[in-house]
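Participant: The hints should help you fit chain G onto chain E, whose structure is shown.
Okay, here's what each chain looks like letter by letter:
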Amino acid sequence: MSATGTPALAADRPRTGVSATLAHAVSVVAGNPVTGFAFALLVGLVACAVLGPSLVPYDPLASDTAAALQAPTLAHPFGTDQLGRDILSRVVVAARLDLAIAVFSVALVFVAGGLAGIMAGFFCGWTDRIVGRLADTIMAFPLFVLAMGIVAALGNTVGNIVLATAIINFPLYARLARAEAAQRRNAGFVLAARLTGNTDLRIVLTGILPNILPIMMVQMSLTMGYAILNAAGLSFIGLGVRPPTPEWGIMVAEGAGFIVSGEWWIALFPGLALMLAVFCFNLIGDGLRDIVDPQRRT
Amino acid sequence: MTAIPLLDIRDLTVEFATRRGPVRAVRQVDVTVGKGETVGIVGESGSGKSVTSYAVMRILDRAGRIAGGEVSFSGIDLRAAGERQMRDLRGREISMIFQNPRAALNPIRKVGHQIEDVLRQHAEAGSGDAKAKAVAALEQVKIARAAERYHAYPFELSGGMCQRVVIALALACRPQLLIADEPTTGLDVTTQKAVMDLVTSLTRERGMATVLITHDLGLAATYCDRIAVMEQGRVVETAPAATIFRTPAHVYTRKLVQATPRPGVSLRDLLPDGAPTAAAGRAEGAGAPLLAVSGLVKEYPRAKVGLTRPRAAEAPFRAVDSLSLSVDRGESVGLVGESGCGKSTTSTMVMRLLDPTGGSIVFAGEEIGGVPAARFARHPLRPRIQMVFQDPTESLNPRWTAARAIADPLLRFRTVRGTDAIRARCEELARLVGLPVDLLDRFPHQLSGGQKARVGIARAIAPSPDLVILDEPTAALDVSVQAVVLNLLADLKQALGMSYLFVSHDLQVVRMLCDRVIVMQAGRIVEEGPTAAVLEAPRADYTRALLAAIPHPPV
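Here the protein sequences come in this chain order: E and G.
Reminder that position 126 of the first sequence reads as 126 in UniProt numbering, one-by-one numbering, no gaps.
Reminder that position 60 of the second sequence reads as 60 in UniProt numbering, one-by-one numbering, no gaps.
So here's chain E without its partners, still in its complex pose (with noise of 0.2 Å):
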């Protein structure tokens, strides 16, 4: 190995930056074909949550009693519920508010828990002792009931199940960052940083935090899914969002009395949804922690 540059270095010159990676992950899909069918999944979602009301054949408050509880046919490929609203329409507009709920709880504990994980991690003492405890106090409660209990306490409105589910969340991304940051904060680079008069604020901001993130962001896809299960359950038990509007887990609230009749279709495809959203999600961390993985980098 020459000092100036190996010759395998110049014949094959590396891309650089956003296309390199890029190629690393495109080439990840296309090893993990599973990987390739949750990002096609999630496009899907996305596009019912973005165009979901144009895209649906009824509206999906509407009630016709003349055609309650059908059975799925081809009018109504989902079938329809006790007030005859169309079960698909239902289904498909309920993604927006879903996926809404998730994407905005997720990213407020992402901001809240990932800078005051690194904050712990990065400056070690008090604040490591604050972050550290509040998160074990966090932790000390059934998570679900924690969120029921914010719920219940605050009021039933959608912005406070995105509060709920972030706090529930909150230790999760605050230890994550917290080891990450502790396992840097000695690096070379971050001791280079100092010596060229680099404040600390500073060495958070350009060397901790870009390293963390490709880490923080599997987590985020990880959660992303929980966050959904977590909103559905949530209006499931009545708490959080109210009738009629079209969500998941009251739908299949709705539905479950019904199974014992007959009537299996009113709670299977909202079930179903929410399934596929969660796996979805869940599959998607496990590519994203293939494309960041520097070992499967060659």
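Source of the hints: derived by calculation from the structure; they are not laboratory data.
For each residue, glycine too, the CB sits at the ideal point set by N, CA and C.
Check each hint, because a few of them may be wrong.
Between beta-carbon pairs, the in silico distance windows are [to be verified]:
1) D321(G) with R133(E): 32 to 42 Å
2) F123(E) with A242(G): 50 to 60 Å
3) R109(G) with F123(E): 28 to 38 Å
4) M139(E) with R109(G): 22 to 32 Å
Just so you have them, the derived chain E footprint on chain G, three or more residues with Cβ under 8 Å [claimed, not checked]:
5) 406-415
6) 538-550
Facilitator: Relative to chain E, chain G alone:
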């Protein structure tokens, strides 16, 4: 050499499947090891020396496969052997010791139990005599108070001690062949000598064959009978150890021999084309020294044992004990000692990244020891003390290009303003350290070790410092790259008139680069003086021990 070699590697080719198609890590390698023979496989990183040994043990990772050739061990074809047979051979017939002894031991089991496990696995001991045999094995590797150490956990033992335990494990079943993969890299030079002497005496006693894999030609020449030199997956030369330094046949071996620091050789001699020696004469320190450290102390509180608080009477641990040193303008001072002697703590304090417990640090006539490390980043003297780190990879932010890394001090200290001016200065610095300008836009993972070292040096000299602390700047580099980087450092000092404080454990390297040397042991200075005087006629016993421990290849 006996008629039938114990280990016979013929035409071995190993391929790794990568995304860009198969890569040949080892190409048609022939190595034979006779009974009782010690063979060294020497090469720089990426030469395929470790992969060869993994192929012999059949422990290549998933992507790797033996693409061709034969490997036979006392008549058994190892390529055709089943996994069951291999498992039986590993440990009982062929043993291996790895580079990091601590990682090779199970951290939560007592070392004695770990030796017992191996003995039982290969039915060398029953439940009755296992303990006695394990203690005997520890005694054989010269671990003092073996019966007591039987109960020790790996973290309670030093690095050298752990490597001895690993050797005890490897030799427990009396194998016929020992493969030692960089067994002393990361150990101190005196520990290296102790470990290597132990391995040689044990293998000689038992008539075992040894394969020593190392990047250090000097070490291999000192301890091996024969040496195979590898370059880019090929064995380029196999020669008796006694003659390899005297008459290296292959071009690459010559280059390697030349680049190995050894007595009586100057910095320029390490380079292949023997570049002209820069004018010697160092800039004499006029008046006050640039850096004057006096009575420097760093104390750490003793760790709590169990639930009890440390007793008030127990003195805190002194990592650095009233140390005084000075560096003149334009002078290079070497700070030498083994791991744990406090040399890194000292340099970190001088660097003002760590607050001393006591003492003063006067830099350019100004007392800076009292400025808290946390606030020194904004101190006007900050640009004038810079540092080159030990590990060039770890010291670069993986998300920054080389240009961004070099520009960082320029941006922070505002010495140069404007995007174009900064870029121009980066290119000037790159040329100064011999980094091709077109590499400036690459990320660290796209650069070689030597290139990363150059980026680190360019970053350190960017703010035109007066004092640069070099913390083992070549320890992570291959020997030929080390030769180039050391020469670069000498040239830069000449050109820019900086002072160096060179922290190292390698006396040979210090001899070539430094005017004065300070030898540290247990937080104190044991000897100090002009480099030539200290190395030629050491006064302290410790310095003598350090010098004696350096491998002395037959020249």
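Participant: Any of the earlier hints contradicted here, and which numbers?
Facilitator: 6
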